[in-house]
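Number of protein chains: 4
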Amino acid sequence: MPDSTATAATSEIEFLVRYAETDQMQVVYHANYLIWCEMGRTDLIGQFGTSYADIEKQGVALAVVDASLRYHAAARYGDRIRVRTTLADARSRSVTFDYLIENAETGAKLVSARTTLASINGEGKLVSMPPHLRRALESAIA
Amino acid sequence: MPDSTATAATSEIEFLVRYAETDQMQVVYHANYLIWCEMGRTDLIGQFGTSYADIEKQGVALAVVDASLRYHAAARYGDRIRVRTTLADARSRSVTFDYLIENAETGAKLVSARTTLASINGEGKLVSMPPHLRRALESAIA
Amino acid sequence: MPDSTATAATSEIEFLVRYAETDQMQVVYHANYLIWCEMGRTDLIGQFGTSYADIEKQGVALAVVDASLRYHAAARYGDRIRVRTTLADARSRSVTFDYLIENAETGAKLVSARTTLASINGEGKLVSMPPHLRRALESAIA
Amino acid sequence: MPDSTATAATSEIEFLVRYAETDQMQVVYHANYLIWCEMGRTDLIGQFGTSYADIEKQGVALAVVDASLRYHAAARYGDRIRVRTTLADARSRSVTFDYLIENAETGAKLVSARTTLASINGEGKLVSMPPHLRRALESAIA
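Residue numbers (the working numbering), protein chains in the order written: chain C, 53 to 194; chain F, 53 to 194; chain R, 53 to 194; chain B, 53 to 194.
Bear in mind the hints are in silico, worked out from the structure with no lab data behind them. Note that beta-carbon positions come from the ideal geometry of N, C-alpha and C, so glycine has one too. Misleading hints may appear alongside valid ones.
[Stated by the list, open to error] Here are some chain C residues pointing at chain B (derived, C-beta under 8 angstroms):
(1) 67
(2) 68
(3) 87
(4) 113
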């Protein structure tokens, strides 16, 4: 946590790889890293004094519009995983997160990823983010 | 198919096992068979002149309240799977389906399963099924 | 942990519901509870002084042969979940676990489940469990 | 299909969206499109006179090392999906595929994606692709 009053712009979560997440290559199936990224940004948004569940209750959803992943090494069943999520960019109607997924025991870099999410309403139209989320994001970026 | 005007009470669907569905035991992860069961009853309900998507648009959901599965043999990546879904019981507020999941090429029995679903509204309260679905189910059972 | 030398026969784990685990009914998709059961028994087996990953390295896999689930109430995105796993029965070539899945904040019972797993080798043949696992299971049952 | 003897470098597959693939935003969860991409390249590789399952039996796996996705519109439960997979590049130890995921009924573009896969052996080391696969890929690219 920074010693200033600024909102922290980084989250770290840890968890164990589930058997269900492996595939017959004996490693974690590549699509599952996107799920882990979503867990990371859920945690980061929670640090902004709101929760993603609350944002949705206000009729706004953050929909992924762009995702890119680079796979460096494989995660395996039982590995302890760390996901570091960083706020990369925030605009009135979109937000971009960076992710670094590591083996928490060895520190080995597994996947680096970036996703951009757009703020949409129930009809799928682009809308501005809820003001308190936007302020928190801008504060975190600053 | 019955020679009367009664709705058919059986569905058969076929599809290929996806890589994502395997686990490091080199076979399909056991939870995925429940997904295949759901595909089977979606198809069967579609034969009743309605679609499960339409039922939900009327504010009624069919929530699984009970499931049991017996695993006889393993499915593997690339296998062609056949799911035979049969209507086992229908009541005003619940419906029970039986499933037989086979390897479509060899005929080997993979999994037999049964699920019971309850008809609930948006608040999660038990409600009667939409009349046309109920009539179709009763006709199919008869 | 019991104060005797007997192995504990219960595990408790907690975690948050992932967005990916929900479906359009706004609740956790029913097949995912089987994944949570597997997390519970992974933890319980770990308490037996071995790990399921190690068991597989010895060429033995525990394959689910029977599963039953009763759904009492729905889990939602962001809920904190507790899975209590208990050893129900242990034989030379199979083991049965019971699961109680609850909302960790409210204590509400969500799902009760039971799975039986068979000990198989790389060719899918029934084999006796590794001796140390079998002893730990028998001790835990006693 | 080209009128020459060259292997076709495009695959088209169609299937229905599963309930399990939706999330509480009432649309397909974004990670699932990577699973659909994998189904597309499985089909395309199958057209090359081999199957991905056979490649793995030869001790070679194609591991995703890079993935990028652009989300244009949402898929919903029950939608018929079409995945068009194209071979974009082929080298001795890697291959790149492009994907266009559409609503098969409306033709609406849902997701465009690209993945690069590396050819690795059982120890995770980069190796050359099996000769017949490499020849097929080169022929398709030409």
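Evaluated hints:
no., hint, in the structure
1, 67, "16 angstroms, violated"
2, 68, "19 angstroms, violated"
3, 87, "5 angstroms, holds"
4, 113, "5 angstroms, holds"
The structure fails hints 1 and 2 (numbered hints given earlier, in ascending order).
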